[in-house]
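Asks: Residue numbers (the numbering used here), protein chains in the order written: chain A, 452 to 648; chain B, 189 to 392.
The hints are simulated quantities; they were obtained by calculation from the structure and are not laboratory data.
Owing to the predicted nature of the structure, the values given are computational and were not obtained by experimental measurement.
It cannot be assumed that every hint is accurate.
What the hints assert, rightly or not - If you only want the chain B side, here are some residues facing chain A, beta carbon under 8 Å, derived: (1) E240; (2) Q269; (3) R384.
Stated by the list, open to error - FRET-style restraints, in silico, Cβ to Cβ: (4) P516/A <-> A222/B: 19 to 27 Å; (5) E486/A <-> D223/B: 46 to 54 Å; (6) P236/B <-> A592/A: 52 to 60 Å.
Note that the Cβ used here is the ideal one computed from N, Cα and C, for glycine as well.
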Amino acid sequence: MSQEHLSMELLLAVRDGERSEPEQVAAHAHVASCEACRSELDRLHQRTAMLRALPTLTPARSAFPAVQRQMADDLRHRWQRRFAIGGLAAAAALAIAVVGNDLAHPAELDASEQLETAMTRSEVLERALNAWRPETRAMDAHTAEIVIELEDRIADVDGRLERARRLAEQVELWQERVGLMSALVDVHLTKATNVGL
Amino acid sequence: MTNDQRLLCDPPPLPGIFITEMTRTLTTVAMQLADADAVVSRAQRGDPVALEKLYRAYAPATYNLARRICRTTEDAEDVLQETFYEVCRSIRNYRGEGSIWSWIRTVASSKALMRLRRNKYRDTDELNDELAPARHASPALRLDLEAALDRLSPTARAVVWLHDVEGFTHEEIANQMGKSVSFSKSQLARAHQRLRLWLDGGVA
Numbered sequence: 452m453s454q455e456h457l458s459m460e461l462l463l464a465v466r467d468g469e470r471s472e473p474e475q476v477a478a479h480a481h482v483a484s485c486e487a488c489r490s491e492l493d494r495l496h497q498r499t500a501m502l503r504a505l506p507t508l509t510p511a512r513s514a515f516p517a518v519q520r521q522m523a524d525d526l527r528h529r530w531q532r533r534f535a536i537g538g539l540a541a542a543a544a545l546a547i548a549v550v551g552n553d554l555a556h557p558a559e560l561d562a563s564e565q566l567e568t569a570m571t572r573s574e575v576l577e578r579a580l581n582a583w584r585p586e587t588r589a590m591d592a593h594t595a596e597i598v599i600e601l602e603d604r605i606a607d608v609d610g611r612l613e614r615a616r617r618l619a620e621q622v623e624l625w626q627e628r629v630g631l632m633s634a635l636v637d638v639h640l641t642k643a644t645n646v647g648l
Numbered sequence: 189m190t191n192d193q194r195l196l197c198d199p200p201p202l203p204g205i206f207i208t209e210m211t212r213t214l215t216t217v218a219m220q221l222a223d224a225d226a227v228v229s230r231a232q233r234g235d236p237v238a239l240e241k242l243y244r245a246y247a248p249a250t251y252n253l254a255r256r257i258c259r260t261t262e263d264a265e266d267v268l269q270e271t272f273y274e275v276c277r278s279i280r281n282y283r284g285e286g287s288i289w290s291w292i293r294t295v296a297s298s299k300a301l302m303r304l305r306r307n308k309y310r311d312t313d314e315l316n317d318e319l320a321p322a323r324h325a326s327p328a329l330r331l332d333l334e335a336a337l338d339r340l341s342p343t344a345r346a347v348v349w350l351h352d353v354e355g356f357t358h359e360e361i362a363n364q365m366g367k368s369v370s371f372s373k374s375q376l377a378r379a380h381q382r383l384r385l386w387l388d389g390g391v392a
C-alpha cells in the first residue's frame with residue numbers, strides 16, 4: 452500500500468471517512484504519509500465542493516397547475532366510482548322496496564299486476580347493472596364463478612320465458628328472474644363496497 | 189477518529205469564489221420552510237394552499253436534482269410534476285421520520301431514476317455504459333464542470349449527483365437503482381476518474 456498510490460475508490464473511502472474494511476484503514480494511514488495521494492485527496496475534495504457549488508437549475512414554468520389538474524381528475528374519478536356504487540345500491544334498494552311491498556300485500560295484486568311489477572323490478576335492476584358495466588370491473592375467481600352461475604340461470608329463465616304461454620307461468624318466471632337479478636346486483640354491490648371498485 | 193485522521197477527511201480550504209457559490213447554492217437547496225411542520229400538517233389534511241406552499245418551497249431543489257440526473261429539460265419537468273403529484277397523493281403517509289425535504293428528495297430521485305431506466309429501453313442505451321456519446325470535440329480538452337458532468341454516462345452522473353451532492357448513501361442509491369452497493373461505489377469511482385481526467389488533465 453505504501454509504495455502504490457491509492458485507487459479512486461480508496462480515495463473516496465478516505466474522503467467519506469469509511470473504515471469498515473482493513474484496506475480502507477490502511478488507505479487513511481497511506482494518505483498521511485504520501486504527498487501525491489494527499490494532493491489527489493485535496494483535488495477530490497475541491498471537485499466535490501465545486502459540484503455542490505453548481506448553480507441551482509430552475510424550471511421554465513410551474514408544474515403545480517398540472518399537478519392540480521391531475522389531483523382534480525383523481526377526485527372526479529373517485530366520485531364517479533362512488534356515484535356508480537351509489538346508483539347500484541339505490542337500484543337494489545328500490546327493487547327490494549317493491550319486493551317488500553308485494554310480499555307484504557300479495558293478495559292485493561292480481562296476476563297481471565304481479566307480472567307488471569316483476570317486469571318493472573327486473574328492468575330497474577337490469578338498467579342499474581348495465582350502467583355499472585360489470586364487464587369492466589376486476590373480480591376474483593370466486594366472485595366470477597358466482598356471477599357466471601347467476602347469469603347462466605338468468606339466461607335459462609329467459610329461454611323458458613320465450614316458451615311460456617300461461618300467465619301464471621310467466622309471473623312465476625319473471626319473479627324468479629327478479630330474484631336472480633337481485634342476487635347478481637348483491638354480488639356486485641358487496642364486491643364494490645368491499646374492494647372500492 | 190483522531191484530529192489527524194479527521195484532517196484527511198475534511199476538505200481543504202477553498203478559493204473565495206467557491207465559498208460564495210457554495211453558500212448561495214446551499215442556501216437555495218436548504219431553503220426549508222420555517223414553519224414546515226405546520227405546513228405539512230395542513231397539507232396532510234388536504235389544504236391546497238399548504239400543498240402549493242410545499243411546491244413553492246421545494247420545487248427548485250427537486251427540479252435541480254431531476255435536471256442533473258435526466259438528459260433533457262422535458263424529462264426533468266416531467267419528473268418534477270410526477271414527484272409533486274406523488275407528494276400530494278401520499279403526504280398523509282409521511283410520518284415525520286427525517287425532514288420533509290429528505291422525503292420529497294427520495295421521491296424525486298426515485299422518479300428520476302425510473303425515467304433513466306425508461307429512456308434506457310427507449311434509446312437502447314446501456315445503464316452501466318462507460319460514457320455518454322461524446323458531445324465535445326476532444327477528450328483531452330479541459331472542460332468546465334457542467335460540461336464534464338454532462339459528458340458522464342447517465343448512471344455515473346446520477347450516482348455522483350445523488351451521493352456527492354444530495355447526500356444519499358451508497359446503500360440508498362443501490363436500493364433505488366436495483367443494483368449492489370459495490371456497483372454504486374464503482375460507478376462513483378469511475379465518474380471521479382473521468383472528471384479528474386477532463387477537469388485536471390490527469391490520468392483516468
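Asks: All the hints need checking, so say for each whether the structure fits it.
Replies: A quick look at each hint next to the structure:
1. E240: Hint on E240/B: holds, closest Cβ of chain A at ~6 Å, below 8 Å.
2. Q269: holds, 4 Å
3. R384: holds, 7 Å
4. P516/A <-> A222/B: 19 to 27 Å: Cβ of P516/A to Cβ of A222/B: about 25 Å, so the range 19 to 27 Å holds.
5. E486/A <-> D223/B: 46 to 54 Å: holds, 50 Å
6. P236/B <-> A592/A: 52 to 60 Å: violated, 42 Å
In summary, the structure is inconsistent with hint 6 from the numbered list given earlier, while agreeing with all the others.
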